[in-house]
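Undergrad: Listed here are the chains, written in short residue letters.
Number of protein chains: 4
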Amino acid sequence: MLGASGYAGRTLCALALGHTGLELAWAAAGERRGARATLGGRSVTFVGIEEAPLGDAAVVFSALPHGASAPWVARARAAGARVVDLSADLRPGHPIDAAADATAADTYGLTELARDDLRRAAIVANPGCYATAVLLGMLPALARGLVAPGATVVVAAASGVTGAGDTPRRDLLFGEVTENYRAYAVGNEHRHLAEMRAVCARFDADVDLLFTPHLLPVARGILATITLPLAEPVRDPAAVWRAWYAGEPFVEVVAEQPELRHVAHRNAAHIAVAAAAGMRRPTLIVTVAIDNLLKGAAGQALQNANVLLGLDECAGLPS
Amino acid sequence: MLGASGYAGRTLCALALGHTGLELAWAAAGERRGARATLGGRSVTFVGIEEAPLGDAAVVFSALPHGASAPWVARARAAGARVVDLSADLRPGHPIDAAADATAADTYGLTELARDDLRRAAIVANPGCYATAVLLGMLPALARGLVAPGATVVVAAASGVTGAGDTPRRDLLFGEVTENYRAYAVGNEHRHLAEMRAVCARFDADVDLLFTPHLLPVARGILATITLPLAEPVRDPAAVWRAWYAGEPFVEVVAEQPELRHVAHRNAAHIAVAAAAGMRRPTLIVTVAIDNLLKGAAGQALQNANVLLGLDECAGLPS
Amino acid sequence: MLGASGYAGRTLCALALGHTGLELAWAAAGERRGARATLGGRSVTFVGIEEAPLGDAAVVFSALPHGASAPWVARARAAGARVVDLSADLRPGHPIDAAADATAADTYGLTELARDDLRRAAIVANPGCYATAVLLGMLPALARGLVAPGATVVVAAASGVTGAGDTPRRDLLFGEVTENYRAYAVGNEHRHLAEMRAVCARFDADVDLLFTPHLLPVARGILATITLPLAEPVRDPAAVWRAWYAGEPFVEVVAEQPELRHVAHRNAAHIAVAAAAGMRRPTLIVTVAIDNLLKGAAGQALQNANVLLGLDECAGLPS
Amino acid sequence: MLGASGYAGRTLCALALGHTGLELAWAAAGERRGARATLGGRSVTFVGIEEAPLGDAAVVFSALPHGASAPWVARARAAGARVVDLSADLRPGHPIDAAADATAADTYGLTELARDDLRRAAIVANPGCYATAVLLGMLPALARGLVAPGATVVVAAASGVTGAGDTPRRDLLFGEVTENYRAYAVGNEHRHLAEMRAVCARFDADVDLLFTPHLLPVARGILATITLPLAEPVRDPAAVWRAWYAGEPFVEVVAEQPELRHVAHRNAAHIAVAAAAGMRRPTLIVTVAIDNLLKGAAGQALQNANVLLGLDECAGLPS
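Residue numbers (the working numbering), protein chains in the order written: chain C, 1 to 319; chain L, 1 to 319; chain H, 1 to 319; chain F, 1 to 319.
To be clear, the hints were calculated from the coordinates, so they are not data collected in a lab. Please note: incorrect hints may appear among the correct ones.
[Unchecked claim] Stretch-level coverage of chain H by chain F, calculated; a stretch enters the list once three of its residues show a Cβ under 8 Å from a Cβ in chain F:
| hint | stretch |
| --- | --- |
| 1 | 10-24 |
| 2 | 180-190 |
[What the hints assert, rightly or not] With the C-beta cut set under 8 Å, the calculated list includes, among others, these residues of chain L facing chain F:
| hint | residue |
| --- | --- |
| 3 | G41 |
| 4 | T178 |
| 5 | E179 |
| 6 | S319 |
None of these values were measured; they are calculated from a predicted model. Note that the Cβ used here is the ideal one computed from N, Cα and C, for glycine as well.
Next up, chain C with everything else stripped away, as it sits in the complex (with noise of 0.2 Å):
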């Protein structure tokens, strides 16, 4: 594991320590190499990432910080292993994508999507945290083509606090947060929708998509409020994201509003579908709740692994 002390490196090295057909080889760390942690019950101490012995491993985990991790990937498979990256830097739309065609990854980890080339993968690029609950949302209507063409999917979003990560800062002490809601990244600046678009155009989707998150004054969770545009009325829209998820054992269709403490703690997407009353153009309103840390970061890497390494896809992932 590299990237071990933040959260979210935290949270998988827990996950993996918990987990009955893995092993925790090692985890490293930058600033932090030496410091000792309590993970999942067990006490574990943080190597440098200079020192980490990354052909010890068949299967390298790094949630290095964006930008740093490309590096360390090559390397990690240069020495043979096969790799789940965290960062943003190998997906779709992002820079390092382009620039170093040896550690493209070769999968983009949206586990419901990607199950079959996982098997396979050498390099998988891990979904952001909001990527995750939004395509989530929108995947049944991509893969049945039910949005409108040329019409505008607009995202509200909102999410707990560790999915800025915890590196100081001042906007994120407790003081500042707390009885406080804000917007960010506002008008398309935020780095998930590269990868949102992309996975729109793997369907040939013509869509713009509008995407606004927000920070909220919790610990964990995301809840993604998607606006459909319909090419026309769908019966029972519900019952067509149900199908489509059917057998998926992470993701579940639920009749109430998701909520972000059902989801909290537990590698679960909480989908729910409605229809807006008093539109011209019909239109579905679909809300996705995920816990940023499991579903949204580590919980997902550890499921892309277990997939890749045939083992049981939920091996250590609390649901």
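On the provided structure of chain C, position chains L, H and F as indicated by the hints.
TA: Showing chains L, H and F alone in chain C's frame:
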């Protein structure tokens, strides 16, 4: 003051007690009659609603529950008082409005839109908290005819829990709300939508509204995120909003994204306007923050009363 | 499970459903009979209390309200079940204990103190959440006779709101609790004090207890801060606590100050012991953190049932 | 104002800007020099500390960090200003006090104790936030000699996170503080203890103090819970406190337990006094709530400046 014991009623009593040009004649409550409360540093005893000397006040405010307010508005009016009704009963689009001509409001009290009418008003329907935030964000676009005809204006809004009042409900307990977030009234089911549509209709705006409210784990504040598809590109859109609101004492077009904490405990609306990148159709994102108990309820009610009585519009209002 | 619909009841049902050696025979609720809940990932329908087949279960848990539980404990016992009662009714120092011999508990289930008795117990009075935290902090001192005779043990404790149950109350609404903190039951008025005194008496400890609880703006967790005036100085007091709790699976003497987040969602007690500087009389400060719904209620109840039934004491319990 | 950019400094600037009898001559900050902030509705640009025209102000406030403040107090004094220092540097019991005679404070500014001295003061050491709460709770007992000689006064106090300032620290991030609670500086290690002891000594009180602070998941507020063993029983103890504080504009002895929300954003101390039941030695529990940024820092500093300058003591202060 009728309905003085809830959040909005108590806030309004406190403001009135601190207002040098007004006196609080009486504060009436239903269930909590006889109870004492410390409001604005002074001790107030609630009289029963039936005992309230309606004719003793130049202006009667009602924050009685929706459905219960209209008959009392009629009685107060019959007793000679001018009335500001904070309930939904007399707002445009609500059934009671049509049913009982005698108690119809003559003014919808979004102060910035209704200032001239307010001076002569006998019965003011004080806007809903969400409607206030959304309409303040949309007014310049409506007035200037900026929105593309036939377009859908998508609004995602989030409110603190005081918006739901202080009647005990299990889903509003601290243990249910902390670290949680969810949408509600999904699919255009919210009561305030009728007000928003009525104001849009007044401007002959050919738009559909799609409004999705969410419950935030904060005590007070509303943030509305409004997507405005434009008929054609607007150069420097923030300048349009600034020009429209020039001279308004309680509306500020801000450069940074509005935050709840900057408007909490103030009768203020903060608005930011941004253009969205990567869209075929020019689109603005307008974000609006207000304190739901002040500019969204009691503050605006007092602002309206100030205008109605010919007092300084800012008197008694924290900005 | 009697009283399955409250916080403690639901937590216990969820634990039981995840316990490989137990089966949840039925879950009974009063007001919420017929309601369905998702507990531990499974859907459970609450039967009415009157319909509960008391004799079908080897162990009946009761989380009925204080005052209502004792008669049902008697009925369950009469039906042949062994009973773990989470209410205060049968705990030492409570009036019902004296009044109704037939339903007197034979064991006060502070597991770490009562393990031997539990194996033969017919009726277990499960300790109160505050009592659990305070007594776990004091036990080594009581057992070793460390406290100065005649001294006052001052305890300040703070609890999350789930400790007050999920019956709607205005003072527990999110809007009343967020950004707030206050003491309650000040002056030794709290119900759990009788249990603490009874255990102190069992050790012939000549102490006065002064217990002040506080309400924290968190969902779950208790932190107790206990001041122990010593008969004489103790060298390495943490070692005394560590020795006393050696081998205990759910009690950990920690080096850093205990934090609620480290014990949340775990059946764990974290204890730190420190000597106070600048005091004439040698004095220890013992701090104890537990999750009030787990080690303070449902977790300890299941731990007790495990011992009572001869199962692995840790089975089904997250640590 | 030196050190204007932190929580206390910004709060003090905002108060000064709203004070009709004072003008904010300049606001100086270290790291954040040149930055602009909106304080009390007005835009303020921070000058560098070196550029601050120390002699231009009748009163210089310093909220510079502990350790950095004393030399600037000396310079401001040399420039002819009277000084209110919010840092710990010049408070009783702090090393700098002894080391640098030239900059010793002549007055410890617990206003209710020091009012007469303040009128002539040249340098005021503004009390620490915890010390303010604890001493206001103890003063009547100290003055009347109520505490049992040789007794230990146990104080458990809890503070919101703004008490730790706004310098980014990982342990103060929202994600680390929400749903958490912990003690710190356990064993009489807190810096404010020296002030409390010094004031006790001034009254020749023969007591030991045991002070344990805790970190609350709230932005602002301190609640101190003080145990006072009495020399002999006191009839109607609340009346004693009420009598002692009669006429004080900012101290209120309240009937219900003090709550943080009732003192937030106010320069107020709420105090309750209760006798403990079931104790051999008569004992009082005194609980005190203040806003740590107002009565615990900036508010008291302005209150002191008002007295010092001969202005209305309440001017510019929200109560």
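Undergrad: Give a verdict on every hint.
TA: Tested hints:
Beta-carbon proximity to chain F at under 8 Å applies to 0 residues in the stretch 10-24 of chain H; the threshold of 3 is not reached and the given coverage is violated. With a cut-off of 8 Å between beta carbons, the stretch 180-190 of chain H has 9 residues touching chain F; three or more are needed, and the interface restraint holds. With 8 Å as the threshold, the beta carbon of G41(L) comes within range of chain F, its nearest partner Cβ sitting at about 7 Å, so the hint holds. Of the supplied interface hints, the one on T178(L) holds, with its beta-carbon coming within about 7 Å of a beta-carbon of chain F, less than 8 Å.
Interface restraint check for E179(L): the shortest CB-CB distance to chain F comes to about 6 Å, inside 8 Å, so the restraint holds. The restraint placing S319(L) at the interface with chain F holds, with a minimum CB-CB distance near 7 Å, inside the 8 Å limit.
Hint violations for this structure: number 1 only, all remaining hints satisfied.
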